[in-house]
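Colleague: Okay, here's what each chain looks like letter by letter:
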Amino acid sequence: MAPLRPYRRYHPGTQPEYLHSPYVSSQKRAPSQPLVHLPHTISEITGPVFSNELIDVKAFDLTKQHSAEPLGERIIVSGRVIDEDGRALPHTLVEIWQANSAGRYAHAIDQHDAPLDPNFTGCGHTITDAEGRYRFVTIKPGAYPWQNHYNAWRAAHIHFSVFGPAFATRLISQMYFPGDPLMANDPIFNCTADESARNRLISLFDWETTMPLHALGYRFDIVMSGRDATPFEENHGAHR
Amino acid sequence: MTLRATTWQTVGPFFKIGLAWLYREDLAGADVHGERIEITGRVLDADGNTVPDAVLELWQANSHGKYAHPEDGQNKPIDSGFSGFGRIATDDQGRFRFTTIRPGQVPAPEISGKAATAWAPLQAPHINVSVCTRGLLRRLVTRIYFPDESANATDFALLKVDPVRRSTLIAKRSANSPSKFEWDLVLQGPHETVFFDI
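Residue numbers (the numbering used here), protein chains in the order written: chain A, 1 to 240; chain B, 241 to 438.
Fair warning: there could be bad hints in the mix.
[To be verified] Derived pair list, reagent style BS3-like, types lysine-lysine, alpha-carbon separation capped at 27 Å:
(1) A/LYS140 / A/LYS28
(2) A/LYS64 / B/LYS256
(3) B/LYS316 / A/LYS58
(4) A/LYS140 / B/LYS412
(5) B/LYS412 / A/LYS28
Source of the hints: derived by calculation from the structure; they are not laboratory data.
Just chain B, same shape as in the assembly:
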């Protein structure tokens, strides 16, 4: 007889007092290897109203495509100054911003005994995102991908998504700078972001 995982509950409107001590909006220190990027965006509700009480958690591989975690057994370099974790809250305008390095590619699952799959052996570069807000009874999980990335076409997760909705997962390059990206997270509605059941 196994136990059952504890039930989620909403973070409510006051999470800042408990979670702000670990806000991390600059994920990569100066000595971390990789291409510096900035991602900004907004969190929006069903009516297009901004959500000023959202908290996002980020989890990503380093620029070589390796996670700072004991179960990543890949023979790739570790960046000792890069944990891959970020936590950011939206401001009173529902906006968020973080800086990091562009993640490398990590392996897609292998299926034993099946020779050919639609997806490539490596996933396209992506940042894993959890979002919690007042009104969300448990977290939503999504991913941020990058535009102009040929690996997107054969990415394990993107191939599971209805093609017409895939664009909600792909950041837009800012007109002002090639290292700046914009990505909005829409909780509900016609432009609803794709969320994953993990």
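For reference, chain A alone in the conformation it holds in the complex:
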């Protein structure tokens, strides 16, 4: 077999630590033991491949899932899925979920006293095209309060799930909106040490994808781990 081509490790500081005490739920769920470093094997450099038949071609439009349009500010969220070397990642599954315009999720355990919208479920999916592009039509999600600390509010966000080409590249993240004053005090937005890494979670308002008389455009590019140039090296001791 051809030699394996591992994926690059995350750059130090650009990913959250598991324990981030200001996010209270992490305290009992973050592992206390160091992770065991595992060089990539065929198990990590392969990953699920999703067929076109799986994809509902209408699922990119969250405003057309019911008999009438949802309430709120209609927006277009689009961007590219690329790797750290700027290469497009075509045919990769992108899933999103979010609160409605009032800041309420269509989920049984969301008890926030804000109205549900019978015309908005808040989930969608799509698959990237040959240039790695994706596009969703949705409603700008509202901010909402949560129990983490006194007067805690989540900044408005859309959850993103992206697979990329391998088990090693799996990513789940959240996209934020430019200028949202709640980000400064949101422990989830702030859980990553590296400020520029955090700021890359903020979408850009985009005239190019804004549709006249219809919807504002926001651009959010997603970067997945790149390929490591160095071949497999056994330079890590056991029990590490």
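Following the hints, complete the assembly by docking chain B onto the known chain A.
Modeller: For chain B alone, coordinates are given in the frame of chain A:
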């Protein structure tokens, strides 16, 4: 100048609305080759409380030890009905369950220029697992291995793990049925599952 990979964020408590459409708890259809197995377990936190809002993703080879992916160049049979992907959520008691076929063995890495290694050329049968929950700022990665499997003793990944913690990666055979296994995932604490940095 390379770009930097996007930062992870927690799935939060409401992931079901976005991820449930792709839940797959029966990985292998009736015509897929291999030994049928069922794996059940619980996800537990530092206090031993069950975690009712966890989502697990599974990735495994087919019974011949081949992944359904273009970069698996091994000359082994493909099962057209078997993608190797599963996604399951815990219920309100923190339990999960999935059925699949027992995976075959896949290659361990080769090291050029080094004749002898402690690990065998093939990895022991295993299922790759990602777990995400509210409170986890990014996923945890682990593996499920099988008991009574002689290849475990020379498995590439198990040999990297402190011997006293290896048992957290090995499912237990159910007393009721040889095809049923139990495996708990413990996020934190004295019986914490081994998680891998991949």
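Colleague: Now tell me if each hint is right for this structure.
Modeller: Against the structure, the hints:
1. A/LYS140 / A/LYS28: Measuring from Cα to Cα gives roughly 32 Å; hence the hint is violated.
2. A/LYS64 / B/LYS256: holds, 20 Å
3. B/LYS316 / A/LYS58: With Cα atoms ~37 Å apart, B/LYS316 and A/LYS58 exceed 27 Å; violated.
4. A/LYS140 / B/LYS412: With a Cα-Cα distance of about 47 Å, the restraint between A/LYS140 and B/LYS412 is violated, given a limit of 27 Å.
5. B/LYS412 / A/LYS28: Judged against 27 Å, a Cα distance of about 25 Å means the pair holds.
Going through the hint list in order, the structure does not satisfy hints 1, 3 and 4.
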